[in-house]
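Here's the letter readout for the chains.
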Amino acid sequence: MQQKVRVAASSNGVLPEDMLRHILVRLPAKTLCLFRAVSRSWRSLLSDPLFVAAHKSHHPGPLIVTCSGESFERGTIEILDLSGHVVKRIATSMKNARLECTRHLDLICVARNEHRSTRHVINPATGDTFALPSRSAKEHAHVKKFFPQSFDFGQVVSTGEYKALRCVSIDDSYGECSPMLCEVITLDDGRHARWRGKQGPPAPVTSNRNKSVVVNGVVYFLVDFLNKYFTFCGDHVKPGSMASFNLETEEWMGIVQGPMPVCNGGYFSLFMELSLVCLDGFLVMAHNSEYSSLDLWFLMDAEESVWNKRYSIDGQHEILFAQPLEILSDGRIVLSAPGRLRLYNPITKTFTDFEMRNSTFVGTYTGSLLSTESTFTSEVSVVLVHLQ
Amino acid sequence: MAATPADASSSSSEAVVGGEKSNKMITLISSDGESFEATEEAAKMSVTIKHMIEDGCADDGIPLPNVPAKILSMVIEYCNKHAADADDTNKHVADPADADEDDDNNNNNASAGEKEDLKSFDASLVAVDQATLFDIILAANFLSIKGLLDLACQKVADDIKDKSVEEVREIFKIENDFTKEEEEAVRKENAWAFNE
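Chains A and B, in that order, give the protein sequences.
Going by full-length UniProt numbering, the first residue of the first sequence is number 1, and it counts up by one from there.
Going by full-length UniProt numbering, the first residue of the second sequence is number 1, and it counts up by one from there.
Treat the hints with caution; some may be incorrect.
[Claimed, not checked] Computed cross-link-like contacts, DSSO-like style, restricted to lysine-lysine with a CA-CA straight-line distance of at most 30 Å:
(1) Lys50(B) / Lys30(A)
(2) Lys56(A) / Lys146(B)
(3) Lys198(A) / Lys115(B)
(4) Lys24(B) / Lys30(A)
(5) Lys56(A) / Lys161(B)
(6) Lys24(B) / Lys180(B)
(7) Lys238(A) / Lys198(A)
(8) Lys146(B) / Lys173(B)
(9) Lys30(A) / Lys119(B)
(10) Lys188(B) / Lys56(A)
(11) Lys44(B) / Lys30(A)
(12) Lys173(B) / Lys115(B)
(13) Lys95(A) / Lys173(B)
(14) Lys309(A) / Lys50(B)
(15) Lys81(B) / Lys95(A)
(16) Lys56(A) / Lys119(B)
(17) Lys163(B) / Lys173(B)
(18) Lys145(A) / Lys228(A)
(19) Lys198(A) / Lys228(A)
(20) Lys30(A) / Lys161(B)
(21) Lys56(A) / Lys24(B)
(22) Lys146(B) / Lys161(B)
(23) Lys188(B) / Lys349(A)
(24) Lys163(B) / Lys180(B)
Hints in this document: simulated from the structure, not taken from any laboratory.
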């Protein structure tokens, strides 16, 4: 005769841990941070790196990052979901802060508006902040005129280390100029992190927003064809070309030519019309051509400079000042525009808009707000305050 | 339920993706000894049962000592409903002769209607008390029915999403084993989640 086994048949209100995981992984990060206070085992479960990774797969994001930088106030970073809903707010200790280079990483970078060498890198999940040292590399200690220009930071693919890069002018002339210097710093070195002198870029690079991007551990800078005419080897600068730096080897690679159809046209207007962004893992040159369409050129082969114009978004008002941020898994393109977040459907050619208050400086965050690990821990002097 | 074009042809010998379906009935026996019948097709939505059938252990009925009758009948209801849906989808896919626009529209409308129907069926299946919901989760896990497990887990997640820490402890019968200092530390570290 069959024995009646009722022990495992009914839950009696108690679920085994693996079933709990199935349930909890579906909840938003904020709720789970709250639930860490339920009990020791829940705290442990909800901080476990494996769980955090599973949660991230369940909630792929990205999240949008904005920073409000009123002149005399400390900056507030807001992390939003794709419908413009604020998920987390973080107060920084930096006054007049602007968001920089915050793309596809689990770190946020803010710079001081009127003094952009003052930069902080922040882990929004743990609140840890790293203040980038401003002192020049010891190799450049003798340099009298030191004007840091371009800056970007990204991750080395194979090791996961975070590195920042800056290119420095040593004179402030137009036209011809002395070669630029270059310095690299590894954030993972924490308190011991120092800028290290490296070989300078092959051509003068620019420092404006959205004129550089990091893709797969390579930093691409748009060559400054607006203010300079020659590369440092004496060649003419080709508009739309880019200098590239490998974060792993810490060396400059060849100059990549921009897409041919783009690179004709007046230098000044072209310079304003171009921006670089990473979409779907590709380097993309966004060309706001004569403000009548936004063309997205994907770099297919850096060495041969092969480009593919995958998208062309029409419309005048619609795309004015629009910056592409991300392509979602359903094919829609996320763009930031003044006052709003726009989701563009390339098949129906329609936009869905969400209000976004602080839209001047916008980035994306692909980390997990549940994470308890940090690449670096806070220096005592820089304290973050967690708001809502 | 209105008859759809697919229903009308259910008994014809169309080529169906996935091979022949048998109309064999399988007997499932709950932990409290009750017997339930289900089509093999529905039963095979459970990967656990599917393996038992393929291993030839199903002939005298399959005993499920982990699943009480009340839950088993709900599980079977789920499997019947979803097996039929999967079947209809296959039929639509397998009938390339239906290139006619009218037919396509009919098929699309039927699909949309069926999807809504399925959604409301699923919603009412899990609109039960918490203890039953937990039992469904255990059963779906034991029987390896992914769709039902996802459905039930999502329902619990939706139910607890806006609950407080105290309420969650009650629901899951958890004791607060933090020391006062520990609890303060957790709340401080995760302050952003508590401020609202």
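Structure-based check of each hint:
no., hint, verdict
1, Lys50(B) / Lys30(A), "violated, 40 Å"
2, Lys56(A) / Lys146(B), "holds, 20 Å"
3, Lys198(A) / Lys115(B), "violated, 61 Å"
4, Lys24(B) / Lys30(A), "violated, 49 Å"
5, Lys56(A) / Lys161(B), "holds, 17 Å"
6, Lys24(B) / Lys180(B), "violated, 61 Å"
7, Lys238(A) / Lys198(A), "holds, 24 Å"
8, Lys146(B) / Lys173(B), "holds, 26 Å"
9, Lys30(A) / Lys119(B), "holds, 28 Å"
10, Lys188(B) / Lys56(A), "holds, 23 Å"
11, Lys44(B) / Lys30(A), "violated, 39 Å"
12, Lys173(B) / Lys115(B), "violated, 36 Å"
13, Lys95(A) / Lys173(B), "violated, 47 Å"
14, Lys309(A) / Lys50(B), "violated, 49 Å"
15, Lys81(B) / Lys95(A), "violated, 60 Å"
16, Lys56(A) / Lys119(B), "holds, 26 Å"
17, Lys163(B) / Lys173(B), "holds, 14 Å"
18, Lys145(A) / Lys228(A), "holds, 19 Å"
19, Lys198(A) / Lys228(A), "holds, 22 Å"
20, Lys30(A) / Lys161(B), "holds, 10 Å"
21, Lys56(A) / Lys24(B), "violated, 43 Å"
22, Lys146(B) / Lys161(B), "holds, 22 Å"
23, Lys188(B) / Lys349(A), "violated, 46 Å"
24, Lys163(B) / Lys180(B), "holds, 22 Å"
Comparing the model with each numbered hint stated earlier shows that hints 1, 3, 4, 6, 11, 12, 13, 14, 15, 21, 23 do not hold.
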